[in-house]
Amino acid sequence: MKIINSNNDFTSDEHYNKESPLSQEPLYRYNVENCQINYIFEISDSKKYRRIKFKDCVFKEDVILKNISISENLIFWNCKFEKCVTFHDVTIKRKARFWETTFNELKIDNLRFEDLADFFKTKFKENTIFYKTDFLATTVFTASIFEKNLLFTYSKISDVLIFSRTKFLKGMDLSQAIITGKIKNSNSDFPNFEKKMDIDDDDNYRDSFEFNGQITLQNKRETFRILKKAAQDEGNQFKFLEYSKIENETYFEQLKPIWIKRFDNYIIFLLNKISNDHNMSWSRGILFTAIIGLLFFYTSLITTSLIEFGFDIELFSYYLGKYIFFLSPIHKIDLFEEEIATTGTIILDFLGRLFVGYGIYQTIQAFRKHKG
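All residue numbers for the sequence shown refer to my numbering, where the first residue is 1 and numbers rise by one.
Since the hints were derived computationally from the structure, they do not count as laboratory data.
Keep in mind it's a predicted model, so treat the numbers as computed, not measured.
There's no promise every hint is true.
For each label pair, taking beta carbons as the anchor points, the in silico distance ranges come out as [unchecked claim]: (1) Tyr361 / Asp109: 47 to 53 Å; (2) Glu82 / Asp45: 47 to 53 Å; (3) Lys167 / Leu294: 41 to 47 Å; (4) Thr299 / Tyr154: 22 to 28 Å; (5) Thr180 / Glu210: 44 to 50 Å; (6) Ser186 / Asp89: 31 to 37 Å.
Think about it this way: if two alpha-carbon atoms lie no more than 25 Å apart in a straight line, the pair counts; the simulated PhoX-like pairs of lysine-lysine are [as the list claims (entries may be wrong)]: (7) Lys107 / Lys167; (8) Lys66 / Lys83; (9) Lys132 / Lys156; (10) Lys148 / Lys121; (11) Lys261 / Lys239; (12) Lys125 / Lys156; (13) Lys66 / Lys48; (14) Lys66 / Lys123; (15) Lys95 / Lys125; (16) Lys228 / Lys196; (17) Lys167 / Lys229; (18) Lys228 / Lys170.
Where a beta carbon is used, it is the ideal one built from N, C-alpha and C, also for glycine.
All chains, full assembly: derive it from the sequences and hints.
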């Protein structure tokens, strides 16, 4: 591996040259392979570049691309950036490829991809904020790894954004993106990641996603709403329900600090969580129905005037049969006739019908996730 300690090492045509066509501005080009660059490497000065390619290179210090336009391709292939990489006011006219490359820290401000942006087996070790980035054509993240948060802050997604076998160890924020294209997911999981509580102060809230790489509850909820809509557009029912569940759970977290003010919504989401895990668990629906039915059956029974306590196999079988009938919301009103029902019995029986019926409905809703 060749060691490069200054710009003077890039003077040969092997690595760097300048083309000067007649009547045209000069075009610069980098073509660097198998090098270790030991100084702060900067490409700037409003120059126009035809092509920039680095392969099998290690950058020991910061890398800065600033105020440049690349008329053809930008390629970083099997490169490792040990410090910070900065893109500021950069336009890439043709394809940009980041293959098998590791970024330690990445700072982006006003980056424009006019053609394919291809991230293949790329690792991002710190929070990654695509700030004011224009993705005007297909953008693909394939088998890439985000060890911390990924944010698309004020970024434009005009064509299609594809995540294929990409791993997110933390979270992703699409809430501030301008999305006129499509989002496609192929075997990538967006986990129910840790979040930051909502921020009331406008300046602090803006700083959270512009500079700090934090994802608040409201931004997390909006992100999963976007992913849910994308899954629905693709006809992916399973992912639609998965993202819908996370969206609902996030809203439930938002309600907890203000549950008194939003009591109705809080109770609805609490019951949804308990009864079928937001339409995802039919077994929880059955368990909820059985337990809530037993609770109201028992409380209804003890309000009657002739209830007997004690264990007897025949008595147990007798009341077990009554309990099974009680689990039908349309059971007869005289179910407790032999025990001489009181007013309390009738009221509890009525409430039991409501909650058992709700449990049955929630169980059916959870089963519907398997519909075609």
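Given the hint that Lys148 pairs with Lys121, does the C-alpha gap stay at or below 25 Å?
16 Å, holds
Lys95 and Lys125: Cα distance at most 25 Å?
24 Å, holds
Pair hint outcome, Lys167 versus Lys229 [Cα-Cα no greater than 25 Å]
21 Å, holds
CA of Lys66 to CA of Lys83, is that 25 Å or under?
Satisfied, since the Cα-Cα distance of roughly 17 Å is no more than 25 Å.
Between Thr299 and Tyr154, does the C-beta distance stay in 22 to 28 Å?
This hint is violated: roughly 56 Å between Cβ atoms.
Take a quick look at whether Lys66 and Lys123 sit within 25 Å of each other, Cα to Cα.
At roughly 22 Å apart (the allowed maximum being 25 Å), Lys123 and Lys66 satisfy the hint.
Verify the CB-CB distance for Glu82 and Asp45 against the hinted window 47 to 53 Å.
25 Å, violated
Could you grab the alpha-carbon distance between Lys228 and Lys170 and see if it respects the 25 Å cut-off?
19 Å, holds
Honestly, do Lys167 and Leu294 meet the 41 to 47 Å range at C-beta?
44 Å, holds
With a cut-off of 25 Å on the C-alpha distance, tell me whether Lys107 and Lys167 pass.
21 Å, holds
So the hint says 47 to 53 Å: do the beta-carbon atoms of Tyr361 and Asp109 match that?
51 Å, holds
25 Å limit on alpha-carbon distance, applied to hinted pair Lys125 and Lys156
Holds, because 23 Å separates the two Cα atoms, which is no more than 25 Å.
Hints 2, 4, 5 and 11 from the list above are not met by this structure, while the remaining hints are.
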